[in-house]
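A.B. asks: Listed below, chain by chain, are the residues.
2 protein chains.
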Amino acid sequence: MGRRVAILGTGLIGGSIGLGLAAGRLGPDIVGYDPDARAAAIARKRGAVGSVAGSAAEAVTGAAMVIVCMPVDLMPASFASLEERVPPDAVVTDVGSAKGGVVRAGESAFGARFVGGHPMAGSERHGAAAADGRLFEAASWILTPTARTSSSAYASVTEVVSALGATAVALDPEVHDDLVARVSHLPQLAASALVDLAVGTGSRKELLGLAGAGFRDVTRIAASNPDLWVAIIKSNPHAVLDGLVRLEDRLRSLRHSLAGERWGELRSFLEAARSARLELFAKPEFGGHPIGLSMLVPDRPGVLAEVTTAAGELGANIEDLRIVHSTEGGRGRLELVVAGEASATRLVERLRALGYRAEKEQVS
Amino acid sequence: MGRRVAILGTGLIGGSIGLGLAAGRLGPDIVGYDPDARAAAIARKRGAVGSVAGSAAEAVTGAAMVIVCMPVDLMPASFASLEERVPPDAVVTDVGSAKGGVVRAGESAFGARFVGGHPMAGSERHGAAAADGRLFEAASWILTPTARTSSSAYASVTEVVSALGATAVALDPEVHDDLVARVSHLPQLAASALVDLAVGTGSRKELLGLAGAGFRDVTRIAASNPDLWVAIIKSNPHAVLDGLVRLEDRLRSLRHSLAGERWGELRSFLEAARSARLELFAKPEFGGHPIGLSMLVPDRPGVLAEVTTAAGELGANIEDLRIVHSTEGGRGRLELVVAGEASATRLVERLRALGYRAEKEQVS
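Just so you know, the sequences run in chain order A and B.
For the first sequence, the positions run 162 to 525 when this note's numbering is used.
For the second sequence, the positions run 162 to 525 when this note's numbering is used.
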């Protein structure tokens, strides 16, 4: 991290990344660019970037890592325009909230050196003035390696994620988009639709008299920035459309239960949702001792994606990940730390089934 | 309030009403009944009721006021069974979360002496052990007078509401049910449906990695008690069915905007919801000086409903209401306190248009 990092887009997320990295022990040389010169100036003044470039192309010149933090719908065009300008050994990552199209565009421009990312942190505020170097502490940061992703590019990006205090979670890009449609994009549209229905009738005083904490909670996100949300939904249309169809089906089937006075069906539906909600946010069990795994891996694309998504599917929490490249080249050693004996054992079994010679060792 | 009050159902709401009234300067003689003898014993032990009756019929004997706090779907049958047992001069009110059917049943059993109510306060906890005499402080308490409601019954109930620290808001029962479907019952069903969709796929770890504060907020109420919600929705089926149809329509129309890539439509929808949400929960303007209104009113049913719903429609906040019965009988003086000169003027005009000789006076 001692080398040059380019941050393209110095709003809330880009500015927070810059502040977080600048605060680190080995603060890199950070150059920023934002089409809004005022935003870039604020980021510079706050110390989120060390210098401001006059263009994206200038910013990426000589960079070891490029972190693209612009609006997600502008990313594909930006990648294409930077393809020739990003140094051939630089790693490129992004923070877009949808990943399928972005990853396809990133890999088309930068090949194995592109690693899609999506930090799960934000704020109701926006812009460089609201940036916070601790925004990502204890947050999840989704990374979406594919069969093409290079191990070393992935490791560089996880290093940045760790430096910011976040935990990397690997997901397939399409799985990411489907899940994020369900836990973020659909709730956003539903919250807005509920506000729309509520204010369609009744005076403000009557509504306020009736609207309790529940309504406040459910509709809080309806106050979000519409431009941001148009960009987000534009970048994930298929998963959102699919989710809307499912939500409509769900509501229609509920309506049929009600119309048929089948109260047992209504109760089962509410009970299942209640259990799922309680379980989802229950305090996690103690993860157990950290267990180290290590294995020799061929130095080829796809290894990282295979290993990390295997861990994700098993629910094994990768607490640390390191790649030690062999001096002979052609292969390297992958070292993981997983929480809990049981998770580590399941992961070793899965990795062996996939052909890796994974070994387990206790970490002190 | 020095006379006997019967509380039927001594759970969270009934117990909290009892504790709140018992703490008052003129704490009445409170008798409680609950089909669950343990709940009644807890209420007695905590001082929410002074004594426990062996049956609902026994509890209402000699009562000046009966407050029905049982599950809303059981109310109509309970009213019918108590019709012969409630003293002929007693006022009856309830706390059910749906009002159309309850008010029809209440008026059929108790005529003009029935006043429907719905306190807008609750808690995620339930049962007598969670009861809190301050639960209703600063909350709205919807009352649903109709053309049949007697002025003195309404005044008695508002006295209880005020004694508990809540503000009475008058609404037509059907308007109440429509609004409450939109701000409470539909959000509940939508939150449960969103949880159901989210957990249909992905591991817990993946979901937790992606689900941010927004998802937590939107789905918090999905953890509510399913039995309670079946009872609530059962008691308001028409408005909920109507709301579900509207919500489905809304989502379908959104889906068509997305499928047609009509991003301007999506933006307008999100922007309208954002403005409405911000406006709804904006800090209210300073209400202005309290202004007293007074008028002679005929001592006939319907007067209260007419006056209070006129105020509600104008958005005028009735801060206090008192009825002074004329010694000659046949008419009385209605005294109101309204916040703000402008509201008071509008209300006086409206009341005069309705044939009342309303006068305005400054309150010190």
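One or more hints might be untrue.
Stated by the list, open to error - Part of the chain B face toward chain A, derived, beta carbon under 7 Å:
| # | residue |
| --- | --- |
| 1 | Arg265 |
| 2 | Gly373 |
| 3 | Glu432 |
| 4 | Ala437 |
Derived by calculation from the structure, the hints in this document are not laboratory data.
Ideal Cβ positions, reconstructed from N, Cα and C, are used throughout, including at glycine.
A.B. asks: Against this structure, judge whether each hint is valid.
C.D. replies: Quick rundown of the hints versus the structure:
no.	hint	verdict
1	Arg265	violated (18 Å)
2	Gly373	holds (6 Å)
3	Glu432	holds (4 Å)
4	Ala437	holds (4 Å)
Consistency note: the structure conflicts with earlier hint 1 alone.
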